[in-house]
Amino acid sequence: GNSVTQMEGPVTLSEEAFLTINCTYTATGYPSLFWYVQYPGEGLQLLLKATKADDKGSNKGFEATYRKETTSFHLEKGSVQVSDSAVYFCALIRSNFGNEKLTFGTGTRLTIIP
Amino acid sequence: NAGVTQTPKFRILKIGQSMTLQCTQDMNHNYMYWYRQDPGMGLKLIYYSVGAGITDKGEVPNGYNVSRSTTEDFPLRLELAAPSQTSVYFCASSYGEYQETQYFGPGTRLLVL
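Residue numbers (this note's numbering), protein chains in the order written: chain D, 515 to 628; chain L, 120 to 232.
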């Protein structure tokens, strides 16, 4: 079945540091890939997505590239801010299969210190 | 625009008690979902609905029931609460067929003692 593996947290970085959160997946077919973010006290919200190989999703300074050859969708940001402190979830869905549902990774907690 | 709202935010139950977690969305979404999130684990789908009057089981439905009498509301019922149901519960909704962008509520933290 489908699965998503994320790097274990928590991750603590200083403000303005470079961020990478690793995500790899297992799925047959051609999944769509997502990063969701959960800020403290809030529900998850979509951060970015990519629906085919070599697509790059981007939002709020975050980027992730869909790499089919390495089955990866790593999240990156060049200069993090304190406001980026949150839990980040990688997820996939095989859009070309009817009735499929999102498969989530375990989440990575990110803390940015001033 | 409130989005997806959930009540209560936190609840403590005794073993064997029952309760209903409420979920309401005001975006006129057809699809609604209930997930649970255990510590160190990803979200697991409990039940989902593709429209009023239609519900189906997800990955971990045992011990739960749902109903969908309106487009807006999707309550989750716990019967005979067990310690294994201690978790954070998220309700979500989406518009599209492939459920690509889901909108989540803030969650309900449930403790069963």
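Keep in mind the hints are simulated off the structure, nothing from the lab. One thing to keep in mind: the hints can contain errors.
Stated by the list, open to error - FRET-style restraints, in silico, Cβ to Cβ:
| # | chain 1 | residue 1 | chain 2 | residue 2 | range |
| --- | --- | --- | --- | --- | --- |
| 1 | D | G592 | L | T124 | 48 to 54 Å |
| 2 | L | K133 | D | G592 | 26 to 32 Å |
| 3 | D | T526 | L | P127 | 27 to 33 Å |
| 4 | L | M160 | D | E590 | 22 to 28 Å |
| 5 | D | P524 | L | P202 | 33 to 39 Å |
| 6 | L | S188 | D | Q595 | 41 to 47 Å |
| 7 | D | K582 | L | T189 | 39 to 45 Å |
| 8 | L | K133 | D | K582 | 47 to 53 Å |
| 9 | D | N573 | L | A121 | 34 to 40 Å |
| 10 | D | Q595 | L | R228 | 36 to 42 Å |
Unchecked claim - Distance condition first, Cα-Cα at most 27 Å in a straight line; then the derived DSSO-like pairs of lysine-lysine:
| # | chain 1 | residue 1 | chain 2 | residue 2 |
| --- | --- | --- | --- | --- |
| 11 | L | K163 | L | K133 |
| 12 | D | K615 | D | K582 |
| 13 | D | K615 | L | K128 |
| 14 | D | K615 | D | K566 |
| 15 | D | K566 | L | K163 |
| 16 | D | K574 | D | K591 |
| 17 | D | K615 | L | K133 |
| 18 | D | K574 | D | K615 |
| 19 | L | K176 | L | K133 |
| 20 | D | K591 | D | K566 |
| 21 | D | K582 | L | K128 |
| 22 | D | K591 | L | K133 |
| 23 | L | K128 | L | K163 |
| 24 | L | K128 | L | K176 |
| 25 | D | K570 | D | K591 |
From the three backbone atoms N, C-alpha and C, an ideal C-beta is built for every residue, glycine too.
For each hint, the structure was consulted:
With their beta carbons about 35 Å apart, G592 (chain D) and T124 (chain L) fall outside the hinted range of 48 to 54 Å. At about 50 Å, the beta-carbon gap between K133 (chain L) and G592 (chain D) misses the expected band of 26 to 32 Å. For T526 (chain D) paired with P127 (chain L), a C-beta distance near 32 Å keeps the hint of 27 to 33 Å intact. Here the CB-CB span from M160 (chain L) to E590 (chain D) is close to 25 Å, well matched to the stated 22 to 28 Å.
Taking the beta carbon of each, P524 (chain D) and P202 (chain L) are about 26 Å apart, not inside 33 to 39 Å as hinted. Separation of S188 (chain L) from Q595 (chain D) is about 44 Å and conforms to the stated range, judged on CB atoms against 41 to 47 Å. A hinted range of 39 to 45 Å for the beta carbons of K582 (chain D) and T189 (chain L) is consistent with their spacing of about 41 Å. A C-beta distance of roughly 50 Å is found between K133 (chain L) and K582 (chain D), which places it inside the suggested range of 47 to 53 Å.
Against the hinted window of 34 to 40 Å, the Cβ-Cβ separation of N573 (chain D) and A121 (chain L) comes to about 23 Å, which falls outside the hint. At about 28 Å, the CB distance of Q595 (chain D) to R228 (chain L) disagrees with the hint of 36 to 42 Å. At roughly 23 Å between alpha-carbon atoms, K163 (chain L) and K133 (chain L) fall within 27 Å of each other, so this suggested pair holds. A threshold of 27 Å between alpha carbons decides the hint, and for K615 (chain D) with K582 (chain D) the separation of about 20 Å falls inside it, so the pair holds.
For the hint pairing K615 (chain D) with K128 (chain L), the CA-to-CA distance comes to about 25 Å; that is within 27 Å, so the pair holds. Proximity of K615 (chain D) to K566 (chain D) is assessed by CA-CA distance (about 17 Å); at most 27 Å being required, the pair is judged to hold. For the hint linking K566 (chain D) to K163 (chain L), the alpha-carbon distance of about 25 Å falls within 27 Å, and the restraint holds. Distance check on the hinted pair: K574 (chain D) and K591 (chain D) sit about 9 Å apart at the alpha-carbon level, within 27 Å; holds.
For the given pair, K615 (chain D) sits about 32 Å from K133 (chain L) by alpha-carbon distance, which is inconsistent with the 27 Å threshold. The straight-line distance between the Cα atoms of K574 (chain D) and K615 (chain D) is roughly 26 Å, inside the 27 Å bound, and the hint therefore holds. With a C-alpha separation of about 25 Å, the suggested pairing of K176 (chain L) with K133 (chain L) holds against the 27 Å cut-off. Annotation: proposed proximity of K591 (chain D) to K566 (chain D) holds, straight-line Cα distance about 21 Å (limit 27 Å).
Note on K582 (chain D) and K128 (chain L): the hinted pairing is violated, with a Cα-Cα distance of about 40 Å set against a maximum of 27 Å. Taken as a hint, the K591 (chain D) and K133 (chain L) pair is broken in the structure, with Cα atoms around 44 Å apart against an allowance of 27 Å. With a CA separation close to 19 Å, the supplied pair K128 (chain L) and K163 (chain L) stays within the 27 Å bound. At most 27 Å may separate the alpha-carbon atoms for a hinted pair to count; K128 (chain L) and K176 (chain L) meet this at roughly 24 Å.
A hinted pair counts as satisfied when its Cα atoms are at most 27 Å apart, and K570 (chain D) with K591 (chain D) qualifies at roughly 13 Å.
Consistency note: the structure conflicts with the earlier hints numbered 1, 2, 5, 9, 10, 17, 21, 22.
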